[in-house]
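Using numbering that gives the first Met the number 0, the letters of the sequence shown map in sequence onto residues 0 to 285.
FYI, nobody ran anything at the bench for these hints, they're computed from the structure. Every value quoted in this text rests on a predicted model; they were computed, and no experiment measured them. Ideal Cβ positions, reconstructed from N, Cα and C, are used throughout, including at glycine. There could be a bad hint or two in this list.
To be verified - Mimicking DSBU-like on lysine-lysine, the simulated pairs with C-alpha atoms at most 35 angstroms apart in a straight line are:
| hint | residue 1 | residue 2 |
| --- | --- | --- |
| 1 | Lys50 | Lys64 |
| 2 | Lys50 | Lys62 |
| 3 | Lys163 | Lys265 |
To be verified - Distance windows between CB atoms, simulated:
| hint | residue 1 | residue 2 | range |
| --- | --- | --- | --- |
| 4 | Ile174 | Ile97 | 12 to 22 angstroms |
| 5 | Lys163 | Pro85 | 19 to 29 angstroms |
| 6 | Asn155 | Glu123 | 19 to 29 angstroms |
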Amino acid sequence: MTSMPIQFQLNDQQPIEVNLPEQFTLNDFKNAADSVYNNRTFLYSFVCHGKELDLDNEDEFSKYKALITSGTTIFTITHTKGCFLPDTLVQRADRSEISISAIQLGDVLLAFTTFGEIVNTIVERVFIHEVNEYVEVQFGQNRLHVTREHPFFVGNGNFCSLDKLRIADSVYSLIDDNLQSTPITSIKTIMAPGTCVYNLHTSQPHTYYANRIAVHNKLGKTFVDLNKNNGLKRIEWSSHAPNWRIARPGICLEGKCLNESCATHKQLVVINVGIKKFDLLVDGQS
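Based on the sequences and whatever the hints tell you, model everything.
So, in structure tokens, the structure goes:
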């Protein structure tokens with residue numbers, strides 16, 4: 000079978016070359032990525048010519064499959080690994096509770112929208128890995144053990160990772176079937192090498208409750224890698240921003256288009272300062 004070389008590049012590390020069959024499938028691509036990243040591809044996103052490759056959906060992957068040709072570089076973006084200890088209780092749709100370690104694919108959980116509406120969500124993936132430390136967070140009588148990267152709902156449509164929160168800051172918790180502001184009363188780091196932790200990937204709106212605290216399911220995709228001729232430049236992105244896209248080479252700024260005759264009027268764009276062309280930022284679900 001004829002093969003072609005491609006390479007994976009993580010941040011500024013040396014690219015790693017692998018071979019794909021010329022008539023490759025999604026599984027072929029997954030196997031190639033797994034061989035590079037030790038079967039832990041769920042911790043990464045993969046970008047080819049500015050398009051994020053969806054490894055969980057054959058149809059979505061096929062949309063950009065033609066971009067992957069001989070010699071193509073696949074840029075790899077690391078997710079932070081926000082997770083919970085195994086005994087963390089997650090609220091089911093029927094209001095019962097289950098340990099996060101006992102959750103199965105297809106389980107229906109209680110979730111919330113950023114407008115505060117209580118809804119249901121379905122578990123699509125369960126992630127398990129080990130960490131060397133976690134954080135014990137106290138909310139009055141409620142306690143949660145979580146890694147510091149996990150995003151918490153802080154109101155007004157916003158999420159904030161634990162490492163940016165401080166004592167007396169407020170998150171939201173489920174009380175009497177409503178979201179209510181709840182202050183943090185204590186934060187303590189626990190060193191515990193080899194601790195097993197869990198996270199979930201759920202359907203829209205990608206949220207759930209951990210010990211009744213409102214959290215996002217995402218693995219912390221809060222950075223943008225901007226494609227440059229000599230590699231990648233990483234910038235921090237707000238946790239509530241639309242899903243990122245690779246921008247044009249050069250120095251780029253985020254802003255809103257003010258040209259009333261433009262199709263992107265009043266929408267969020269990333270504009271290249273030098274060539275004055277921009278990429279419209281759209282949410283991944285649109």
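Discussion item. Taking the earlier hints as the rules, which of them does this structure contradict?
Written reply: none
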